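A.B. asks: The chain contents come next:
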Amino acid sequence: MAIVQTRDLTRSFQSKGSTVVALDGVDLDVNEGEVFGLLGPNGAGKTTFIRILSTLLLPSSGYATISGFDVAKEQEKIRPIINMASGAERAGYEFISARGNLWFFSQLYGVSTEDFRRRVATLSSQLELDGYIDKKVYELSTGYRQRMTIARAFINDPKVVFMDEPTIALDVMTARRIRDFLVHEAKDSKRTIFLATHNMAETEAVCNRVAIIDKGKILVCESPENLKRNYGHPAYVMELSPAPISLDNIASVPHVKGVTSTLDEERGVATVRVVVEEDEAINQIAKTLTESGVKLLSSWRQAPTLEEVFVTLVGRGFTEREHENAS
Amino acid sequence: MYSRAWVRVRSTYGEPVWVAVNLAVPLLSSLAMALLYRSTGLSRFTGFAILGGVMLAFWGNVLWSMASQFNWDKEVGIFEIYLISPAPISAILVGMSLGGILATVPSAALVTLIGWRFFSLSVNPSWVAVFLTFILTLASLYAMGMLLSSLYLVYGREAESLNNAIGDPINLLSGLYFPSIGTGSPFPFAVQIIASLIPLTIGMDALRKSVFYGGDVEAVWLDLLILAVMAGVLLFLGDRAMKALEERGRREGTLVVRLR
Numbered sequence: 370m371a372i373v374q375t376r377d378l379t380r381s382f383q384s385k386g387s388t389v390v391a392l393d394g395v396d397l398d399v400n401e402g403e404v405f406g407l408l409g410p411n412g413a414g415k416t417t418f419i420r421i422l423s424t425l426l427l428p429s430s431g432y433a434t435i436s437g438f439d440v441a442k443e444q445e446k447i448r449p450i451i452n453m454a455s456g457a458e459r460a461g462y463e464f465i466s467a468r469g470n471l472w473f474f475s476q477l478y479g480v481s482t483e484d485f486r487r488r489v490a491t492l493s494s495q496l497e498l499d500g501y502i503d504k505k506v507y508e509l510s511t512g513y514r515q516r517m518t519i520a521r522a523f524i525n526d527p528k529v530v531f532m533d534e535p536t537i538a539l540d541v542m543t544a545r546r547i548r549d550f551l552v553h554e555a556k557d558s559k560r561t562i563f564l565a566t567h568n569m570a571e572t573e574a575v576c577n578r579v580a581i582i583d584k585g586k587i588l589v590c591e592s593p594e595n596l597k598r599n600y601g602h603p604a605y606v607m608e609l610s611p612a613p614i615s616l617d618n619i620a621s622v623p624h625v626k627g628v629t630s631t632l633d634e635e636r637g638v639a640t641v642r643v644v645v646e647e648d649e650a651i652n653q654i655a656k657t658l659t660e661s662g663v664k665l666l667s668s669w670r671q672a673p674t675l676e677e678v679f680v681t682l683v684g685r686g687f688t689e690r691e692h693e694n695a696s
Numbered sequence: 010m011y012s013r014a015w016v017r018v019r020s021t022y023g024e025p026v027w028v029a030v031n032l033a034v035p036l037l038s039s040l041a042m043a044l045l046y047r048s049t050g051l052s053r054f055t056g057f058a059i060l061g062g063v064m065l066a067f068w069g070n071v072l073w074s075m076a077s078q079f080n081w082d083k084e085v086g087i088f089e090i091y092l093i094s095p096a097p098i099s100a101i102l103v104g105m106s107l108g109g110i111l112a113t114v115p116s117a118a119l120v121t122l123i124g125w126r127f128f129s130l131s132v133n134p135s136w137v138a139v140f141l142t143f144i145l146t147l148a149s150l151y152a153m154g155m156l157l158s159s160l161y162l163v164y165g166r167e168a169e170s171l172n173n174a175i176g177d178p179i180n181l182l183s184g185l186y187f188p189s190i191g192t193g194s195p196f197p198f199a200v201q202i203i204a205s206l207i208p209l210t211i212g213m214d215a216l217r218k219s220v221f222y223g224g225d226v227e228a229v230w231l232d233l234l235i236l237a238v239m240a241g242v243l244l245f246l247g248d249r250a251m252k253a254l255e256e257r258g259r260r261e262g263t264l265v266v267r268l269r
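Those protein sequence lines, which keep their order, are chains A and B.
Per my numbering: the first sequence = residues 370 to 696.
Per my numbering: the second sequence = residues 10 to 269.
What the hints contain is simulated information worked out from the structure, not anything from laboratory work.
Treat the hints with caution; some may be incorrect.
Short, incomplete list of chain A residues facing chain B, as computed with Cβ under 7 Å [stated by the list, open to error]:
#1 Leu426
#2 Gly456
#3 Glu458
#4 Arg459
#5 Tyr462
#6 Ile465
#7 Phe473
#8 Gln476
#9 Leu477
#10 Ser481
EDC-like, lysine to aspartate or glutamate: derived pairs with alpha carbons at most 16 Å apart [as the list claims (entries may be wrong)]:
#11 A:Lys656 - A:Glu608
#12 A:Lys442 - B:Glu255
#13 A:Lys505 - B:Glu24
#14 A:Lys584 - A:Asp396
#15 B:Lys252 - A:Glu443
#16 A:Lys626 - A:Glu647
#17 A:Lys528 - A:Asp557
#18 A:Lys664 - A:Glu608
#19 A:Lys505 - A:Glu463
#20 B:Lys252 - A:Asp503
#21 A:Lys626 - A:Asp648
#22 A:Lys504 - B:Glu261
#23 A:Lys626 - A:Glu534
#24 A:Lys528 - A:Glu401
#25 A:Lys586 - A:Asp396
#26 A:Lys556 - A:Asp526
#27 A:Lys586 - A:Asp393
#28 A:Lys442 - B:Glu256
#29 A:Lys626 - A:Glu676
#30 A:Lys559 - A:Asp549
#31 A:Lys385 - B:Glu256
Computed Cβ-Cβ distance ranges for the label pairs, DEER-style [stated by the list, open to error]:
#32 A:Asp557 - B:Ala174: 51 to 61 Å
#33 A:Leu682 - B:Lys252: 52 to 62 Å
#34 B:Asn173 - A:Val390: 57 to 67 Å
#35 B:Val200 - A:Glu443: 45 to 55 Å
#36 A:Glu508 - B:Asp177: 32 to 42 Å
#37 B:Ile175 - A:Lys385: 25 to 35 Å
#38 A:Arg486 - B:Glu261: 50 to 60 Å
#39 A:Gly386 - B:Ala174: 48 to 58 Å
#40 B:Ile175 - A:Ser592: 49 to 59 Å
Remember, predicted model here, so these are calculated numbers, not experimental data.
Idealized CB from N, CA, C, for every residue including glycine.
Construct all of the structure, not just a fragment, from the sequences and the given hints.
C.D. replies: Structure, rendered in structure tokens:
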């Protein structure tokens, strides 16, 4: 049974006299015990979606339910069974210990002292917070603050946990620890983890299913493996010098699904990633580059990843889309 | 509610600089006013200045540690954790109030102690009346703090500006250091009427009567009644405003404005 369900969910905002559609007719079912990924570039509508599901924002039209309760009208029935964590939030009150903060937040849910002690012991152990739990928050490093934030989101034993970029700006080891924890919580405790992120490696590592969102619309929703198999075309990564002024002539080559690029200004080298439907397209691209005076320094073929899936679906990479959304 | 009070008290005493500021500001302002009274030959009014310093500590706490605290919570993302929890916001605010009162008691006690020791205050208290007036003044003050806090659900910096704007006028009109209503008030009648709408004004007037002039419950019953009504009305308005503004915030998307 779907624990999170949305039908034709739409949310628009008024901004500078015009209407901005942040979510556009979203239909989604998320199952119990699933780590569900919502993958999209910044500005795609992920945070708006999480705010509606977590009862902080009303939809403009359509509906969403958590465990069968309407997020717009039955928030008092939803709030005891959900929790949320964001990579951008302050972990808690600085001059109080991590344990003290966790106790305070547990009281918002009426957690008994006995249950609190048991849960803190378990969460500290799972998130490797043991030696830090009695330190004041201001004494903790970014990684340990984030572990505390994650522990807070599970302190009330929620059925559904919404996570918005939970590993943003974290070191590799901490991010891995948190991902392992999320997988464990979903599998062993039958908890639903709803993960909004633009980190594709994270999505591939932990999610049972992924919905790719762009401009407020869900483009596809499948397991990472199926997405790569069904939508992922191989990519050719090419190092070019000088950097091409425009990518249009590459994008216009037949069988090219999308192009993204990054520039190493120090070396004056552009790394261009081209997603192609047919491998022959690469010969035409090489010819086009030579004609425009751009030298191909090196190139290699890359197996499809979720980045290629996104490029295939949208024709643009995450970075380009984020620049478009910001402008 | 109790857990939020605990957070308030622990946070206040978790940082030495805050402890110093909390203790020093009301103490220095009341000492300055008391010395001014004494140097101008009005020593009989120094007690008003000390009493004003005690109440300033609580009033400052309402403005800066309660209403503004909500804005800080909103900016750093803690406010949304409150909102998505089943705990009523009004319970969190009452907890903040209780914690604020407990955290302010040392400051108020210090002002009282130093005032008593250095200015040989002449008091004639009616303790029951003092106690009732003090409790009802705090109740109405913190109820006003709850109402102000509700503005942060929809307005952010605008509400903080309102906080800044009303601080000093209320200090002046409420007569923290001198009688602003009734006999001895320097204000015209119309201004006194406006000043009477502020709970702190009624509270200060009744406290002066009961602390310095032996006014018993019978002498201050009207002030007590007004304070009780104000506390009730402000609590009711605060609770209604909180619910209405939360719904409006959910509709307009203004509940969460985080500074990254």
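A.B. asks: Work down the list of hints and note, for each, if the structure agrees.
C.D. replies: Structure-based check of all given hints:
no.: 1; hint: Leu426; in the structure: 5 Å, holds
no.: 2; hint: Gly456; in the structure: 10 Å, violated
no.: 3; hint: Glu458; in the structure: 3 Å, holds
no.: 4; hint: Arg459; in the structure: 4 Å, holds
no.: 5; hint: Tyr462; in the structure: 5 Å, holds
no.: 6; hint: Ile465; in the structure: 5 Å, holds
no.: 7; hint: Phe473; in the structure: 5 Å, holds
no.: 8; hint: Gln476; in the structure: 4 Å, holds
no.: 9; hint: Leu477; in the structure: 4 Å, holds
no.: 10; hint: Ser481; in the structure: 13 Å, violated
no.: 11; hint: A:Lys656 - A:Glu608; in the structure: 15 Å, holds
no.: 12; hint: A:Lys442 - B:Glu255; in the structure: 13 Å, holds
no.: 13; hint: A:Lys505 - B:Glu24; in the structure: 11 Å, holds
no.: 14; hint: A:Lys584 - A:Asp396; in the structure: 15 Å, holds
no.: 15; hint: B:Lys252 - A:Glu443; in the structure: 14 Å, holds
no.: 16; hint: A:Lys626 - A:Glu647; in the structure: 10 Å, holds
no.: 17; hint: A:Lys528 - A:Asp557; in the structure: 12 Å, holds
no.: 18; hint: A:Lys664 - A:Glu608; in the structure: 9 Å, holds
no.: 19; hint: A:Lys505 - A:Glu463; in the structure: 6 Å, holds
no.: 20; hint: B:Lys252 - A:Asp503; in the structure: 36 Å, violated
no.: 21; hint: A:Lys626 - A:Asp648; in the structure: 12 Å, holds
no.: 22; hint: A:Lys504 - B:Glu261; in the structure: 39 Å, violated
no.: 23; hint: A:Lys626 - A:Glu534; in the structure: 28 Å, violated
no.: 24; hint: A:Lys528 - A:Glu401; in the structure: 8 Å, holds
no.: 25; hint: A:Lys586 - A:Asp396; in the structure: 9 Å, holds
no.: 26; hint: A:Lys556 - A:Asp526; in the structure: 14 Å, holds
no.: 27; hint: A:Lys586 - A:Asp393; in the structure: 5 Å, holds
no.: 28; hint: A:Lys442 - B:Glu256; in the structure: 11 Å, holds
no.: 29; hint: A:Lys626 - A:Glu676; in the structure: 12 Å, holds
no.: 30; hint: A:Lys559 - A:Asp549; in the structure: 15 Å, holds
no.: 31; hint: A:Lys385 - B:Glu256; in the structure: 23 Å, violated
no.: 32; hint: A:Asp557 - B:Ala174: 51 to 61 Å; in the structure: 54 Å, holds
no.: 33; hint: A:Leu682 - B:Lys252: 52 to 62 Å; in the structure: 43 Å, violated
no.: 34; hint: B:Asn173 - A:Val390: 57 to 67 Å; in the structure: 37 Å, violated
no.: 35; hint: B:Val200 - A:Glu443: 45 to 55 Å; in the structure: 50 Å, holds
no.: 36; hint: A:Glu508 - B:Asp177: 32 to 42 Å; in the structure: 38 Å, holds
no.: 37; hint: B:Ile175 - A:Lys385: 25 to 35 Å; in the structure: 31 Å, holds
no.: 38; hint: A:Arg486 - B:Glu261: 50 to 60 Å; in the structure: 41 Å, violated
no.: 39; hint: A:Gly386 - B:Ala174: 48 to 58 Å; in the structure: 29 Å, violated
no.: 40; hint: B:Ile175 - A:Ser592: 49 to 59 Å; in the structure: 57 Å, holds
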